[in-house]
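Engineer: Okay, here's what each chain looks like letter by letter:
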Amino acid sequence: MKFGDILKSACTNLMRNKGRTILTIVAIFIGSFTIALTNGVNIGVNDYIDKQVSGVGGDDMMLISPKATVSMGNTDEPQKYDPEKKTSTMSQNATLNDKDVETIKEMDGMKDADSVKSYSINYISGASDEKYVFSSMPILGSLEVDLEAGKSVNQESKDFEINLAPEFVKSLGYKSAEDAVGKTVKLSTTASATGEETIVEAKIVGVRNQSLMQGGNSLLNQALIDELSAIGEQGLPESMLGQYGMVVATMDKATYSSDKEIADLKERLGEAGYAGQTVDDEIGMIRNIINAITGVLTMFGAIALLAASFGIVNTLFMSVQERTREIGLMKAMGLSSGKVFSIFSIEAALIGFLGSVLGILGAAGVGNLVNGIASDSFLSSLTGFTLIQFSWSSSGAIILIIMAIAFLAGTLPARRAAKLDPIESLRYE
Amino acid sequence: MSVIEAKNLKRSYGKNESKFEALKGVDVKIEKGESVAIVGKSGSGKSTLMHLLALLDHPSSGEILLNDQNTTNIKTKELNKLRNESFGFVFQQFFMNTKDTVLNNVMLPLKIAGISAGKRKKMAMAALKEVELDDKASNKANDLSGGQKQRVCIARALVNNPQIIFADEPTGNLDSKTGVKVEQILFDLNKKQGITLIIVTHDDELAARCDRQIHIIDGNIVKDVK
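Keeping their order, the protein sequence lines are chains A and B. Counting from 1, position 105 in the first sequence corresponds to residue 105 in the working numbering; the numbering is continuous, with no gaps. Every position in the second sequence, counted from 1, becomes a number in the working numbering once 1000 is added.
Treat the hints with caution; some may be incorrect.
Stated by the list, open to error - Cut-off 27 angstroms, straight-line C-alpha distance, at most; resulting in silico cross-link-like pairs (DSS-like, lysine-lysine): (1) B:K1192 with A:K2; (2) A:K8 with B:K1121; (3) B:K1122 with A:K8; (4) B:K1099 with A:K18; (5) A:K175 with A:K203; (6) B:K1015 with A:K419; (7) B:K1075 with A:K2; (8) B:K1099 with A:K419; (9) A:K8 with B:K1119; (10) B:K1192 with B:K1136; (11) B:K1099 with A:K2; (12) B:K1007 with B:K1226; (13) B:K1019 with A:K419; (14) A:K2 with B:K1122; (15) B:K1226 with A:K2; (16) A:K419 with B:K1010.
If you are wondering where the hints come from, they were derived from the structure by calculation, not from laboratory data.
Same shape as in the complex, but just chain A (with noise of 0.2 angstroms):
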């Protein structure tokens, strides 16, 4: 018997009996259709973060702040103290210098450090002459910015330049962020020590998409930052300036990008009195919430499939039971028992790849239309946020192991049809 031949029988023999092969495919979509439809919002869920991860810095980037300890130290005794050492508790804050940055900067692993310039901002005010309270944040690592119009701030120019978060369009007076682009707003800063203001003026030169991470936080370029800084030192006693209270380092990719190996790059951070953070620490969080979700989604839909084989078993009992003087007859004209094997195998498989493909199908069908309704309703401020994502490797993937899984449970029956003998099974009223 030719494959094609197995195939075309193991089709005709579920049309057979249709209500019976039509409910333990429905069996099969329940499961399947969960683990597409929560894998998609795992997708989903992972690409917007990963997108938001790019958007805060390159991934090759690590925040470097004084490591800080409880006052009874990592042991039993207080902490000695180290005067080499930055030592930070909860009352006291230490800040790192010039000195540190070089030290980082020499660490084994670390292509270069800089230090992020603290500066203050009272105000922000454009056409409309309102004046708003102002978030804002420097440019950090390799990052790429998420742009609704306009372009990205340049870091080497010199002129001030802004991207503006999209919160503050309507209320600055623009019509809209192709409006504000190219308009200039005020800041208001004060130097510490004198308390007295000073407005800068810079130029939006383009406006950021809706951000989960850093909502209302706008970009800055450094001309504009080490401006802002400057004026808030003025005054100050000469002990007092370059103090961060951090230092933004890039790691060298090249040497460390496993997760191994920039775990021990932190612990010699740790060692020598700083702590650091990449970029997925922070965010780390909220994926291994997602990942924990979703994780036990699909093990209710691992449980549906589990239930849903032992529907095959059954199906392909009765099915084997029922055939079994065609069974005999055909073994009796020379067929195989391994062919009578794969006839029943084949058939199992059969049920596991339509109930598999209508139930991702069903839940591409659910995911547009809750995306569709989501981006208008409790997504709609997130530009950017697609929940529910299909992937053509992760859809196949299922597939296969749901055939598989089903191919499993078809062994079973299979293998009992091919154990039949001929003449007891011609024999069987």
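We have chain A already, so just place chain B on it with the hints.
Structural biologist: Just chain B now, with coordinates in the frame of chain A:
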């Protein structure tokens, strides 16, 4: 030249006290083109003999020679091929797939043999023509009368041009009129195409039409009349 020969064939079921000997040392030699009736009451061992001759069962001892070749040590795979190519089967209860078409039922042995779809159809139509049912090819098997069903089964048995057709009570489920027609087809095949016919029956009239009658009682051949 004998087409099939059994030497001191024994077949027993069960073990020890519950051991039952269905055949107690049977010697038969069947010539090519013969029509042979195996006659006996139920439980006499006639079906067992047919199953052994058709290579569906293995004897406890003794041997079967097909075309002077010993079949005792043939591998399962070749045995399947041998059965598929050399034998045709007709059963009392027809054993058809009633929901399938007549043509598909007749094509079954060819499908098992792995013959291409086009050739399959041609051969099956030729076999159906032989039993005068080529006009019913696309009918559902269920829609046929008992006699027609058995004729389809004969078409199925001869579709692969076998050397031997084994018929187990071929007219047992038919009334005498349709039974005669089925018998006629079988004997025509035997005479015209030289297909060896081995019929298991307890119908004396049918047995009388055969060239030779082998009577079995309690697992022994008691009479072999030509």
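Engineer: Hint by hint, which ones does this structure get wrong, listed from lowest number up?
Structural biologist: Hints 1, 15 not satisfied by this model.
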